[in-house]
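Undergrad: Here is how the chains run, residue by residue.
2 protein chains.
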Amino acid sequence: MTTSTTQERPARNGVDVPTLFATLNVVKAQPEIAKFQFRASNQWISGVHSRSTIRGFYGAGQEDTSRDQDFSYDADHPAVLVGGNNAPTPAEFLLHALAACLTAGIANIASARGITLHEVTSTVEGDIDLLGILGLSDGTVRNGYEGIRVHFTVKGDAPEEQLKELVQQSQRRSAVYDVVTNGVPVSIDVNAA
Amino acid sequence: MTTSTTQERPARNGVDVPTLFATLNVVKAQPEIAKFQFRASNQWISGVHSRSTIRGFYGAGQEDTSRDQDFSYDADHPAVLVGGNNAPTPAEFLLHALAACLTAGIANIASARGITLHEVTSTVEGDIDLLGILGLSDGTVRNGYEGIRVHFTVKGDAPEEQLKELVQQSQRRSAVYDVVTNGVPVSIDVNAA
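Those protein sequences? They're chains A and B, same order as listed. 1 is the number of the first residue of the first sequence in my numbering; add one for each residue after it. 1 is the number of the first residue of the second sequence in my numbering; add one for each residue after it.
Hints are computed from structural coordinates only; laboratory data are not their basis. Every value quoted in this text rests on a predicted model; they were computed, and no experiment measured them. One should not assume that every hint holds.
Said to hold, decoys possible - Covered by chain A, according to a simulated footprint, are these stretches of chain B (three or more residues, beta-carbon under 8 Å):
no. : region
1   : 18-28
2   : 40-54
3   : 57-63
Said to hold, decoys possible - Which residues of chain B face chain A? A partial, calculated answer using Cβ under 7 Å:
no. : residue
4   : A97
5   : T123
6   : D127
7   : D178
Positions of the beta carbon are idealized from the N, C-alpha and C atoms, including for glycine.
Work out the full structure: start from the sequences and follow the hints.
TA: What follows is the structure, given as C-alpha cells:
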C-alpha cells in the first residue's frame, strides 16, 4: 500500500512505514504481545495542585525500558475555581489526550495509505456545567463534559475525500476516543492512615 | 464545617476554604455562571508526535484571562509502537487526567470537612489490548482500555474511615471520572484540503 521507495528514508510523514507493517505482522503471529498496561503515578502537592509521573509500561511481552527519564506533568485549577493556576485542569488534559490520539492515528493511517501530510491541526472544546461537580444540581447535571467537539484541519497530497477518510478511520481505531465516548470500568481502592 | 480560624491563613491543605465556600454561594445565586468551556488545540509535528496548547477557557460568564502564558504538552508513542518516545502516549495522559481530578477533589473535600491531609498519592493502571487499535481483532477487542484501576494512599488527621470517605466523595463528584466511566458524546468535523 505504501509508495515509499528504498532509496529514500523509509519514513513517510515521519512514520517508519516498513517497521509499522512489520510490527503488525509480528502481532498477527503472536497476538498475546498486544497486551499492554500503561500507568501514571500522581502526588498531591497543595490545594488542588498535583503532579503525575509517567514512565514505565508493560507491553510486547515485557516491561519497557526504553524511556531514559520520567515524564512529569502538573495539574491545577485556575483562580476562578479556587486553584493556583500552576497548570491546566485535569479536564483539559483529557482534551489533549483525545486530540493527540486522533492525530497519531491520522499520521499512521496516512502513511500506511501512501498519503503525504502537510498539516494536521485540531481544536477541541468541551462544555461542562460545574453545577454537577459543585454538588449544586438537582441530579440533572452530570459531573463531566456534556459534549466534546473536535475540529480538524488536514492538508496533504490527496483528494479532500481521502483526507477526510483518514480522520474517520482514526476515529474508528482511536484508544482515547473509544474510552471517552464509550467509557471504561474504573476501580478505586484506598489505603488510608 | 471548616475549623479554620481567621488568625491563621485561611487555607487548609493549601485550599482557600472561605473562598471555596464563597464561590459555592455565588454559584448558588447565579447558576448560569457554572457553564464552562475548556479547550485544547493540537498540532501534528511528525510521525505520531504532536503538541497541544492549552490556555483560554470560558467560565464564570466570561472568557478567562488569568493565564499569562500557554501550557504546552507533547504526546508521542514509544519505539515499540513505532514512535519517537518524545513524550507519553495520549492514553497515558488520560490516566494523569483521571488521577489529578480525583486528587483535586480529595483536597477540596478534605478542606471543606476540616481534615488536614499529609499525603495523597495514587497509581493508575490501564489495561489495553492493542489488537483493537491495530485492527487485528475479530471485533471482540475494544480500542481503548479494558479496565482502569486506581490505588490511593491517603494520610491525614482523621480516622481511616473518614479518609476513605474523601475518596468516595471525590469519585462521586469528579468530572474526569464521570467522563472516563460513563463516556460523553464527541463530534468530529474535518476541514480538508
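Undergrad: Now tell me if each hint is right for this structure.
TA: Cross-check of the supplied hints:
no.: 1; hint: 18-28; in the structure: holds (count 6)
no.: 2; hint: 40-54; in the structure: holds (count 13)
no.: 3; hint: 57-63; in the structure: holds (count 3)
no.: 4; hint: A97; in the structure: holds, 4 Å
no.: 5; hint: T123; in the structure: holds, 5 Å
no.: 6; hint: D127; in the structure: holds, 5 Å
no.: 7; hint: D178; in the structure: holds, 3 Å
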